[in-house]
Structure formats: C-alpha cells, structure tokens
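Take the sequences, apply the hints, and build the full model.
Which chain is which? The protein sequence lines are F and C, in order.
Here my numbering is used: position 97 in the first sequence is 97, and no number is missing along the way.
Here my numbering is used: position 169 in the second sequence is 169, and no number is missing along the way.
Treat the hints with caution; some may be incorrect.
Where chains are identical, the list cannot tell them apart; a pair therefore holds if satisfied intra-copy or between any two copies.
Stated by the list, open to error - Straight-line alpha carbon distances no greater than 25 Å define the calculated PhoX-like cross-link-like pairs of lysine-lysine that follow:
id : residue 1 : residue 2
1  : 155       : 128
2  : 39        : 127
3  : 156       : 39
4  : 60        : 16
5  : 155       : 39
It is worth saying that the hints were derived from the structure and are not from the lab.
Here is what each chain is made of, one letter per residue.
2 protein chains.
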Amino acid sequence: MDINVVNALTYEDFVKLFGNVVEKCPLISAAIWSHRPFKDLADIEAHITEFILSLPDSGKEGILRCHPDLAGRDLQSGTLTRESQEEQSQAGMTTLDSAEVLQMYRLNSEYKERFGFPFVICARLNKKADIVGQLSERLKNDRAVERERAIEEVKKICRLRLRNIVLSDIQTKL
Amino acid sequence: MDINVVNALTYEDFVKLFGNVVEKCPLISAAIWSHRPFKDLADIEAHITEFILSLPDSGKEGILRCHPDLAGRDLQSGTLTRESQEEQSQAGMTTLDSAEVLQMYRLNSEYKERFGFPFVICARLNKKADIVGQLSERLKNDRAVERERAIEEVKKICRLRLRNIVLSDIQTKL
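What follows is the structure, given as structure tokens:
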C-alpha cells in the first residue's frame with residue numbers, strides 16, 4: 001500500500017480500514033487521522049503509540065478492557081472481532097481440550113479479579129504453552145507494572161494488524 | 001437503578017451497559033470503570049467529561065469521527081447503532097423528503113470538508129429545522145471553536161443516553 005493512498009483516504013475510509021488495529025478502539029485511529037500526512041507505516045504506528053502513552057492510567061486500562069479473554073466467552077459464542085478470531089486461532093486457542101479451556105477460564109478469572117482488566121498478549125507471537133506460562137507468571141506482577149506490560153502487548157498486536165492490512169491490500173492489488 | 005448495583009458490575013457488564021454512551025467509544029466507559037465506586041449518575045457523567053477533556057485535540061476529533069452523519073449513509077443502509085437510530089428518528093431524520101436528504105448530504109459534505117470531522121448535534125434536543133439551521137451556522141466557525149462546540153454536543157448526547165439506561169432499567173424492574 002502506497003502511503004500516498006493512505007494519506008488520500010477520507011477519515012471515514014481510514015477508520016473503516018484501520019479502526020480495529022487497537023481492539024474495539026476506533027477512537028484511536030480516528031484521532032491520529034488528524035496527523036496526516038503520514039511518512040510511512042512506521043509513522044502511523046508511532047502516532048498510535050504516542051496517543052496511547054498520552055492517556056491517563058485509566059485510559060490505558062480502558063484499552064485493555066476492550067479486549068476479549070483468550071479462549072473465553074466471545075470465542076465460544078463466535079462474537080470475537082475478525083482480527084481476534086484469527087489471532088486466537090493461530091495461537092491454538094480454538095483447539096483446546098476441555099481441561100485446557102477450564103484452565104484458561106480459571107487463570108483469566110484470577111487475573112481479572114486481581115487487576116480489573118483482562119490478560120492481553122500478542123497471540124500471533126506466542127503458542128499455547130507460552131500463553132499459559134506467561135499468564136501464570138504475569139499474575140505475580142503488581143498492577144502498575146502489569147498495566148504497562150499489557151500495553152506493550154497491545155502495541156505488538158497493533159503493529160502486526162497494521163502490517164496485515166498493508167499486506168492484504170497489496171495481495172488484492174496483485 | 002441503584003448506584004450500588006452499578007458499582008458492583010464487572011467491567012465487562014459495565015462496558016456492555018454503558019459502552020455506547022459516547023458513540024462507538026467503549027474505551028471511554030471502560031476507562032472510567034477505574035474510578036469506581038461512583039457516588040451517583042452525575043459522578044459517572046463527571047468522570048466521562050473529565051476523560052474527554054483530558055484528551056489532546058486529536059482525541060476529541062477522534063471522538064467526533066466515530067459519529068455517523070445525520071441522515072447519512074449509515075441511516076440509509078440501516079447500520080446506525082441502536083442509540084443513533086432512535087435519536088435520528090426522534091429528530092425527524094428518518095422522514096425527510098428527497099430534497100431534504102440532498103440538502104443534508106450537501107451540508108454534511110461541506111462541513112466534513114471544512115473541519116475533517118462530522119457535524120455532531122444532540123438530535124434529541126433539536127428538531128429538523130433547528131438542525132439544518134445550526135449546521136449552516138456552525139459551518140462559519142473556525143476549527144478550534146467548532147471542535148469544542150461539537151464536544152459540548154457529545155456531552156449532551158452522553159447525558160441523555162446515561163439517563164435512558166437508568167430509566168429503562170427501572171422500567172424493566174417495575
């Protein structure tokens with residue numbers, strides 16, 4: 001995707017295309033449209049990061065709370081966003097046996113009880129065993145550390161979703 | 001609705017209930033959940049206002065860009081949120097004749113071209129003629145003035161949506 005094409009998008013098309021690079025937070029891509037023209041994809045990513053980091057702690061926690069549980073209710077009921085569905089599927093969350101589903105449920109519940117937001121991890125970069133391991137490990141963090149840790153994962157997810165949009169568009173054009 | 005009931009909600013139920021009090025910005029209600037316990041409904045509203053006003057100008061514009069056009073594409077195609085559908089209907093936007101639809105299209109386009117965000121007005125508090133009049137009038141503002149003006153409308157919409165949630169819940173309980 002040519003950055004000039006992106007810079008020529010109306011805000012409506014921009015939000016339609018990039019609105020879910022941060023899960024269920026179209027506000028963020030809608031906001032950074034104000035910073036056009038972008039130099040390149042990295043510039044878009046930098047503006048998103050800058051916006052997220054400018055938020056108060058409650059706002060960062062709000063971003064996390066817009067994320068679904070891994071192997072949770074939305075996966076079971078088929079109400080995940082397309083992006084989350086693909087990511088959870090790639091990480092093996094769609095093929096857990098019942099003992100594994102229960103284990104994830106228990107760990108997610110403990111995590112949410114402790115922090116007041118869901119466990120967020122870049123599923124594309126982690127396999128099932130790593131996810132369970134990190135979930136158990138990160139449960140030991142204090143809330144402020146864990147909030148920042150989880151936001152780092154949001155940034156990784158965002159980076160991969162951005163790349164995915166660009167790649168699929170190029171494939172469409174080929 | 002008893003405020004104690006609200007304060008006892010998980011963040012998931014809180015976002016499900018209040019997630020669209022600012023149009024398509026669940027991030028905002030998800031964020032202010034961090035400030036529980038709330039004293040009353042006015043306290044929830046105050047936290048939302050505080051959050052919105054803490055955003056950089058791009059963030060305020062981002063909120064506006066999450067709103068649909070009045071009598072626009074989403075209304076025609078039936079893809080408005082439930083809340084917007086009700087509000088636009090009450091303001092008479094669903095019963096415009098073709099000349100009025102064209103007039104709204106022309107004015108909305110001019111407004112978006114000028115400001116880079118859509119015209120936002122609390123439809124519940126305005127009738128058709130007032131909406132057209134204010135749209136024409138506000139087109140004369142400069143961008144900074146108009147951004148703040150539009151955010152005032154977002155706050156009015158939010159206040160009425162909050163009240164609506166509380167009222168419908170009480171009605172359900174009766």
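Taking the hints in turn, this is what the structure says about them:
no.	hint	in the structure
1	155 - 128	within (20 Å within a copy, 43 Å between copies)
2	39 - 127	neither (34 Å within a copy, 44 Å between copies)
3	156 - 39	within (20 Å within a copy, 37 Å between copies)
4	60 - 16	both (23 Å within a copy, 18 Å between copies)
5	155 - 39	within (19 Å within a copy, 34 Å between copies)
The earlier numbered hint that this structure contradicts is number 2, and it is the only one.
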